[in-house]
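I would like the entire structure built from these sequences, with the hints used as guidance.
These protein sequence lines are chains A and B, in that order.
Just so you know, we're using our numbering here: the first sequence kicks off at 1 and counts up by one.
Just so you know, we're using our numbering here: the second sequence kicks off at 1001 and counts up by one.
Hint data in this document are derived by calculation from the structure and do not stem from the laboratory.
Careful, some of the hints might be misleading.
Lysine to any residue pairs mimicking SDA-like chemistry, simulated, CA-CA at most 25 Å apart [what the hints assert, rightly or not]:
id: 1; chain 1: A; residue 1: K186; chain 2: B; residue 2: I1108
id: 2; chain 1: A; residue 1: K172; chain 2: B; residue 2: R1071
id: 3; chain 1: A; residue 1: K186; chain 2: B; residue 2: E1053
id: 4; chain 1: B; residue 1: K1196; chain 2: B; residue 2: A1077
id: 5; chain 1: B; residue 1: K1141; chain 2: B; residue 2: E1098
id: 6; chain 1: B; residue 1: K1229; chain 2: B; residue 2: R1071
One-letter residues, chain by chain:
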Amino acid sequence: MNTSVHSQLDQWSRFTPKQRLIRYGGFALTALIVAWALSSIDVIWAWVWDAPSQMGDLFGRMMPPDPQNLPSILEAIWQTVNIATLATLIAVVVSLPVAYIAAQNTTPNKFFLWVGRFILVSSRSVNTIIWALLFVAIFGPGIVAGIVAIMFRSIGFLGKLLGEAIEEIDRKPVEALEACGASRFKIVLYAIVPQVMPTFFAVAILRWDINLRESTVLGLVGAGGIGMILQGAIDTFNWPEVSMVLLTILALVILGEVVSSYLRKKIL
Amino acid sequence: MLKITNLTKRYGSGDPVLKGLDLTVEGDQITSVIGSSGAGKSTLLRCINRLVEPTSGSINLNGTEFTTLKRSELRAARRRIGMVFQGFNLIDRLTVMENVQSGRLGYIPPWPALTRRYPKDDIRRAYELMERVGIAHYADKRADELSGGERQRVGVVRALMQRPEILLADEPTASLDPKTSEQIMSLLRDLASELKLPVIINIHNVTEAKEYSDRIVGMRYGRIIFDDKPAQLTKTEMDEIYAGVPAQDRAAVGAAA
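What follows is the structure, given as structure tokens:
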């Protein structure tokens, strides 16, 4: 009996004809959307074909990098590091209470939950550059606007991830400490903080790494750091200096990566 | 003395899980509560310190009526009841000493709690108790480095740090292997008589219950249907306590009502 069944079961396909039709339909639709998008954006193709030679030309003008202004570039890059670090530190402190009220299981009540989530969403939905434009208008150009801009964007990121970590804790130790008669504050201290600690450090280091990169462009809108020098060099067609700045930024980003992965290994 | 009178617990609008239950525990006796899953053992234990809010009835521990306490009064009263859990409920990333001292959190102010500067008396008592149960050499280890039996010892010491007037143990040996399980049971029995502490244990292992307790309470579907010395627990009683499944039983009761 078995053999007869097997002899009939020598055909198998991953999809039924209907599924296959739907998949082909999906591919066709995607191709159509791409074609429509390309045709509607008015590309000047001559410039696109011209790009390689333009690139070669620009590269030629950038070479060799000009280290003449290196002292001021290094000073600006140090400023950039400080913007990122200070902003991350402040954001970490500010995001703690926000995470606490925005987590379902620790929020005091519905109103605070709503306030917490509003802070997180509004911080996250605005890009750092836009925050920077706003704060340059308020504080004037310079490092303070940069720090506040980075901080505002970071609160949402840190608060959101920390809040999720709080929501995912194991409830059992909390129950045990409730049974001991511990107050709310001490339960947070002993049962919640130790459980959230690893996430806290991982997220803070990750955000510092991101902030380092974001603060390099802040100068483009006048919010301090290396971007200001970059903007100045581009405006004056000082291409050798532009390439010097770009190299310095590259070095900074690599250094930041090394430091943050070292810290991650060391702490976690 | 713990005196429970007419205790009822109902989750939502469903059938009550505890139906007008009466139980009195005194002296330094070990009382084991047995019964199939869903009989209400865990709910009973958690109603005593109000981790689960009782629907009606009275719970009186040495003159304090627990059911009417306000939040802050309840916190103070809970210090007097020690609790041991099936899953140990330790804080994994903290050291054994910090876990043990967390039993004193109801007593010490926030600042010493934050900075881990515990009172000398508490540290001395912690070392004594840890020595007594054989975990003193682990004081500086993280709780998640310990084995199951050792972790439950930490749980027991944490509860005893409260200087409780009664100890509740919710299936304290269910996550342990048979040998470790017997060690924990005999430890609980010895501590009960050493500290003159009444102990209520929820337990699935009837053999252990009979061996280590002075009194056995059999629950079936929210009621106590057996309450006597372990020797009196015969096959007939056992069958009655463990017969059928709660769901079928519920249907039968529903049909009769």
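Hint-by-hint comparison with the structure:
Restraint check for K186(A) and I1108(B): satisfied, since their Cα atoms lie roughly 10 Å apart, inside the 25 Å limit. Between K172(A) and R1071(B), the direct Cα distance comes to roughly 20 Å. Compliance with the 25 Å bound is thereby established for this hinted pair. Of the pairs offered as hints, the one joining K186(A) and E1053(B) holds, with about 22 Å between alpha carbons and a cut-off of 25 Å not exceeded. Taking the CA atoms of K1196(B) and A1077(B), the gap is about 19 Å. The hint holds against a cut of 25 Å.
Using a Cα cut-off of 25 Å, the hinted pair K1141(B) and E1098(B) holds, with the two alpha carbons roughly 10 Å apart. As the CA atoms of K1229(B) and R1071(B) are separated by approximately 37 Å, the hinted pair breaks the 25 Å bound.
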